[in-house]
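Student: Sequence:
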Amino acid sequence: MKYTYIAILILFLFTSWKPKKEYDVLVYGATPAGITAAVAAAREGKSVVMIEPLPIAGGMMSGGLGFSDSNQMFRETLGGLFEEFHKRVEAVYAKKGLQLNYRVDEKDTKFWTYEPHVAELVFHTMLKEAGVQVVLNETLKSAKLKDKAIQSLKMRSGKEFSGKIFIDASYEGDLMAAAGVSYKVGREGRDEFGESFAGAVYQKKAMGVISSDQDKKPLPLITGTTVTPEGQGDHRIMTYSFRLCLSEDPTNRVAFKAPAGYNADRYELFRRFYKLSPKSGIPFDLYPIPGNKLDGNNGIGAQLSTGLVGENWDYPDANPKRRQEIWNNHRNYTEGLLYFLMTDPAVPEAVRERMKNLGYAKDEFAKYGYFPPVLYVREARRMVGDYFLTQKDILETKEKPDPIGIGSFPIDSHDCQRILTPGGGFINEGTIFPAKTRIEGRGIAYQIPYRSITPKATECTNLLVPVCLSSSHVAFSSLRVEPAWMVMGESAGIAAALAIEEKVSVQKISLPKLTERLKAKRQVLTLAK
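All letters in the sequence shown, in the order written, are residues 103 to 631 by my numbering.
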């Protein structure tokens with residue numbers, strides 16, 4: 103009995119108490135940017151932990167984004183770990199004996215595609231090789247600061263993690279907010295920074311679809327009845343959706359099913375739209391990816407699509423419970439829409455037949471019910487840091503004294519709201535079509551300054567923010583893609599290592615040394631003349 107008691111006591115001590123380890127670099131958010139930040143810092147010889155609320159590492163690229171939009175960028179400016187990731191993807195398929203329809207060494211505008219599970223595999227391989235400690239399913243509760251420097255993070259599970267330099271690579275900017283760093287949510291007005299694309303924008307035509315019920319109340323999927331004045335700023339952000347991994351192969355296809363509580367009347371607006379436009383096809387974009395699969399995306403040019411317009415506005419500042427409600431609502435809407443398009447008699451027969459031949463890819467996301475585990479958070483918080491990027495930085499003053507990478511994705515925003523018009527139809531507002539700032543298939547190249555990922559020194563001295571970086575809504579609409587985030591993430595990881603070595607704040611590191619190290623890692627910092 104005595105020995106049993108001692109054994110239980112020893113077991114209790116070893117399982118209930120663990121020393122709190124201090125890491126050199128703590129990365130919050132296992133997004134692609136978080137992974138490149140963590141790997142870069144670890145390769146600089148630093149101890150690194152990467153913490154992620156979701157059960158999956160790799161963010162959208164592991165969660166359904168079958169290609170990461172680098173086809174609209176100057177690929178010769180995307181070096182370092184971004185290029186390495188794609189070469190590793192290429193090698194995975196070569197080992198399988200599969201020939202991709204592109205080569206990473208050729209910097210053209212073809213889609214560089216991959217299956218979600220391959221992206222996840224490559225990311226985990228890179229993390230493991232670098233010795234990064236990966237912690238999944240842990241959500242940030244609070245940050246402890248002293249003299250404007252973060253000391254440790256406490257998770258909602260009660261676990262604590264300490265570090266010297268912290269990197270917020272989350273899509274939401276949760277660590278930045280917990281540290282008390284200034285940020286914005288929503289859109290600036292057109293006059294605030296002289297941005298021609300700022301505030302409310304109407305680049306889509308109004309639709310004559312009757313969008314109210316017999317009591318003159320807006321149908322579901324209509325977000326309001328007031329037409330926002332053009333150029334006016336507000337709290338609204340671009341729509342969220344899921345990137346679907348689909349298959350038409352009967353041997354690798356899971357049929358769409360109605361979600362719990364399915365109500366076809368939620369999609370009455372689709373019924374009326376198809377009655378007015380019976381020759382319209384399926385209302386979302388499909389891109390072929392390896393494995394005989396398709397990547398399904400919200401159609402930026404579509405009037406109705408997989409994006410749940412307007413039902414994400416409070417997501418950035420919401421608590422975990424409210425965010426989960428929003429996530430569940432988006433999933434329910436998406437599953438319901440797929441089933442509706444396959445079964446509702448108001449949907450054109452050609453669309454219903456196409457949907458019957460589609461299904462979820464059976465060999466992707468099986469443990470999540472074949473549905474993507476990552477919500478496409480296109481925009482959340484945006485830091486107000488040392489340098490605030492605006493439209494002018496993207497299109498005009500493109501050179502900076504402290505570059506950490508090159509951006510070149512066009513300014514591109516999905517819908518922010520869907521408004522009932524005075525005539526009884528609807529109009530989608532907030533879309534900025536990429537064609538407006540795209541030349542011959544690509545955006546305009548510009549330098550991304552280091553100061554845009556550093557908070558003001560008066561707010562926090564040991565934090566870097568490469569995803570929710572310091573920028574306006576318009577500028578963010580160009581910066582908000584994984585290739586740019588991966589580049590900034592890697593640069594953040596190397597900057598973090600340098601700050602530790604020089605024993606200075608992130609704002610005071612040697613920029614010449616940072617430039618030297620970035621170039622040594624094949625990061626591209628200069629614009630082609």
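What the hints contain is simulated information worked out from the structure, not anything from laboratory work.
We treat Cβ as the ideally placed atom computed from N, Cα and C, and that holds for glycine.
Treat the hints loosely; a few may be bogus.
[As the list claims (entries may be wrong)] Pairs of lysine-lysine residues, derived as BS3-like cross-links and limited to a Cα-Cα distance of at most 30 Å, are as follows:
| hint | residue 1 | residue 2 |
| --- | --- | --- |
| 1 | Lys123 | Lys494 |
| 2 | Lys261 | Lys423 |
| 3 | Lys494 | Lys248 |
| 4 | Lys246 | Lys256 |
| 5 | Lys610 | Lys621 |
| 6 | Lys381 | Lys319 |
| 7 | Lys243 | Lys610 |
| 8 | Lys494 | Lys197 |
| 9 | Lys261 | Lys243 |
| 10 | Lys307 | Lys558 |
| 11 | Lys189 | Lys209 |
| 12 | Lys318 | Lys306 |
| 13 | Lys243 | Lys230 |
| 14 | Lys538 | Lys209 |
| 15 | Lys246 | Lys494 |
[Claimed, not checked] Label-pair restraints from in silico Cβ distances:
| hint | residue 1 | residue 2 | range |
| --- | --- | --- | --- |
| 16 | Thr353 | Phe535 | 43 to 53 Å |
| 17 | Lys538 | Asp293 | 36 to 46 Å |
| 18 | Asp446 | Tyr389 | 24 to 34 Å |
Student: Each hint needs a verdict: does it hold in this structure or not?
Tutor: Here is how each hint holds up against the structure:
no.: 1; hint: Lys123 to Lys494; verdict: 44 Å, violated
no.: 2; hint: Lys261 to Lys423; verdict: 19 Å, holds
no.: 3; hint: Lys494 to Lys248; verdict: 36 Å, violated
no.: 4; hint: Lys246 to Lys256; verdict: 8 Å, holds
no.: 5; hint: Lys610 to Lys621; verdict: 20 Å, holds
no.: 6; hint: Lys381 to Lys319; verdict: 28 Å, holds
no.: 7; hint: Lys243 to Lys610; verdict: 29 Å, holds
no.: 8; hint: Lys494 to Lys197; verdict: 45 Å, violated
no.: 9; hint: Lys261 to Lys243; verdict: 10 Å, holds
no.: 10; hint: Lys307 to Lys558; verdict: 41 Å, violated
no.: 11; hint: Lys189 to Lys209; verdict: 13 Å, holds
no.: 12; hint: Lys318 to Lys306; verdict: 24 Å, holds
no.: 13; hint: Lys243 to Lys230; verdict: 27 Å, holds
no.: 14; hint: Lys538 to Lys209; verdict: 23 Å, holds
no.: 15; hint: Lys246 to Lys494; verdict: 36 Å, violated
no.: 16; hint: Thr353 to Phe535: 43 to 53 Å; verdict: 38 Å, violated
no.: 17; hint: Lys538 to Asp293: 36 to 46 Å; verdict: 20 Å, violated
no.: 18; hint: Asp446 to Tyr389: 24 to 34 Å; verdict: 25 Å, holds
Violation of the numbered hints given earlier is confined to hints 1, 3, 8, 10, 15, 16, 17; the remaining hints are satisfied by the structure.
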